[in-house]
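> One-letter residues, chain by chain:
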Amino acid sequence: MIQHFIKTVIIFLFLTLFQLTVIPLISIYNVVPDLLLILVVIYSLKYGQLKGTVFGFLVGLFFDLFSGGLLGSAMFSKTLAGFVAGYFHKEEFEEIFSNLILFISILFISALIDSLFYAILGSAEVELNFILLIFTNGVFPAVYTALFGLAYSLFVRKK
Amino acid sequence: MELFLRKLFNKTKEYIVLVILLLISLILLPQNSNHQVKKIRSYAFASFTFLLNISLSIDELFSDSDELANQRKLNAELMLQLNQMREYALENKEIKSLLDFKTSATSELISSTIVAKNFSNIQGNFIINSGWSDGILKSMPVINNNGLVGIVTEVEEDFSIIRTLHNTSFRIAGTIQRGSIDGVVYWNGKNLVMHNIPTTADIDRGDRVVTSTLSTILPPSIPIGLVVKKESNISGILSNIIIKPFADVASVKNIFILKEITSKQIDSLELNLLKD
Chain V
0 MIQHFIKTVI IFLFLTLFQL TVIPLISIYN VVPDLLLILV VIYSLKYGQL KGTVFGFLVG
60 LFFDLFSGGL LGSAMFSKTL AGFVAGYFHK EEFEEIFSNL ILFISILFIS ALIDSLFYAI
120 LGSAEVELNF ILLIFTNGVF PAVYTALFGL AYSLFVRKK
Chain E
0 MELFLRKLFN KTKEYIVLVI LLLISLILLP QNSNHQVKKI RSYAFASFTF LLNISLSIDE
60 LFSDSDELAN QRKLNAELML QLNQMREYAL ENKEIKSLLD FKTSATSELI SSTIVAKNFS
120 NIQGNFIINS GWSDGILKSM PVINNNGLVG IVTEVEEDFS IIRTLHNTSF RIAGTIQRGS
180 IDGVVYWNGK NLVMHNIPTT ADIDRGDRVV TSTLSTILPP SIPIGLVVKK ESNISGILSN
240 IIIKPFADVA SVKNIFILKE ITSKQIDSLE LNLLKD
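Protein chains in written order, with numbering that gives the first Met the number 0: chain V, 0 to 158; chain E, 0 to 275.
Source of the hints: derived by calculation from the structure; they are not laboratory data. We put the beta carbon where it would ideally sit given N, CA and C, even for glycine. Incorrect hints may have been included.
Stated by the list, open to error - Taking beta-carbon pairs under 7 Å as the criterion, some of the chain V residues facing chain E (in silico): (1) Gln2; (2) His3; (3) Val21; (4) Leu49; (5) Gly67; (6) Leu70; (7) Thr78; (8) Ala118; (9) Phe134; (10) Asn136; (11) Ala150; (12) Tyr151; (13) Ser152.
Claimed, not checked - Now the stretches of chain V that chain E is said to cover, found in silico as 3 or more residues with beta-carbon under 8 Å: (14) 8-19; (15) 35-45; (16) 95-106.
To be verified - Below, simulated BS3-like cross-link-like pairs (lysine-lysine); rule was C-alpha separation at most 27 Å, straight line: (17) E/Lys72 <-> V/Lys45; (18) V/Lys89 <-> E/Lys10; (19) V/Lys45 <-> E/Lys10; (20) E/Lys38 <-> V/Lys45; (21) V/Lys89 <-> E/Lys252; (22) E/Lys6 <-> V/Lys50; (23) E/Lys6 <-> V/Lys89; (24) V/Lys50 <-> E/Lys229.
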């Protein structure tokens, strides 16, 4: 149990560091893939909705604290993403992971919810129309995150 | 009854936890300016900088030479001076002589490197490898050799957080240099915009926008960007001016912090007035 906790914390810290230092180098028009979201989705699919929701909340909390973002925005969005991904939880995680289309679809839906709520809660004074907001701050980051997830799952499969 | 409640809880516990956690997040959102929340944030940030220090020491192996850093600093200083010259050229002789007196002092620049970026069209923040040990204070303007990049919002011993132009919480007083038209410049999630400017104001595409003398946060005449578009609102009386920033915030790596806080100057002036 403790070993599992320490392992999760180390992975989280490594990914946070990676997300803030290396991932910006591959940004496209300010859009970057969200590694922490991939972690939340995988955790939620593996350990269930309840644990996934709480994990999403904690990941969001620490990401808000470390990145200097608005405290509460990533907390909210990642909690919701963890909850949504948890709907697809199965005892046999490999079953979901081996179905590439299903895994990428879950990742895309969770990423869409996460990035959209992060954008909406990030500022109440954003003056973009809703359709544009969905595309620029929801769909594009979600597609990029899903593609990154695809690359990850293909890499893991090859191994 | 107890059994029923227990069953109900077991069936709905995921939803109950979700609602509680979402409520906590929503309660925390308006508390961001709360002193205690700020304190927690600063502790968390300080502990995160420990990790950043490790990654930075690896990154330093591939960093630029000192000479290049000095050249960049010189570029930024020249950019500020050039902008000041432009300002002088646009003003009449009488005001120019007054301004000469006010702005004869040049600001000191602290060079720094961005070590982490929170990329977002809504909450753009950078972390830099300089802190209060280098003389950085909250509210100091951050520039590169092209223009304004952001403002310092959080300071630790060796690291600071910058709120960039790509952050919807970033608002500054700006001036369109040619016609001396003042307005509030902010990021609307897609563009840098100067809000509610009278449609009749003489503004052309390509006009330079700089920080205003009315700003209580930033010193005047720091270049912000160029006017690229004028969009009238529904009534047609007021317009929003779309600005293209001089600094490419997305690709910026080396930055400079202007060792100057306008609000302190204003504070001291106000104190002097009180003394009289």
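> All the hints need checking, so say for each whether the structure fits it.
Hints, verified against the model:
no. : hint                 : verdict
1   : Gln2                 : 21 Å, violated
2   : His3                 : 20 Å, violated
3   : Val21                : 9 Å, violated
4   : Leu49                : 5 Å, holds
5   : Gly67                : 4 Å, holds
6   : Leu70                : 5 Å, holds
7   : Thr78                : 5 Å, holds
8   : Ala118               : 5 Å, holds
9   : Phe134               : 11 Å, violated
10  : Asn136               : 6 Å, holds
11  : Ala150               : 19 Å, violated
12  : Tyr151               : 19 Å, violated
13  : Ser152               : 23 Å, violated
14  : 8-19                 : holds (count 4)
15  : 35-45                : violated (count 0)
16  : 95-106               : violated (count 0)
17  : E/Lys72 <-> V/Lys45  : 50 Å, violated
18  : V/Lys89 <-> E/Lys10  : 17 Å, holds
19  : V/Lys45 <-> E/Lys10  : 20 Å, holds
20  : E/Lys38 <-> V/Lys45  : 35 Å, violated
21  : V/Lys89 <-> E/Lys252 : 44 Å, violated
22  : E/Lys6 <-> V/Lys50   : 19 Å, holds
23  : E/Lys6 <-> V/Lys89   : 22 Å, holds
24  : V/Lys50 <-> E/Lys229 : 50 Å, violated
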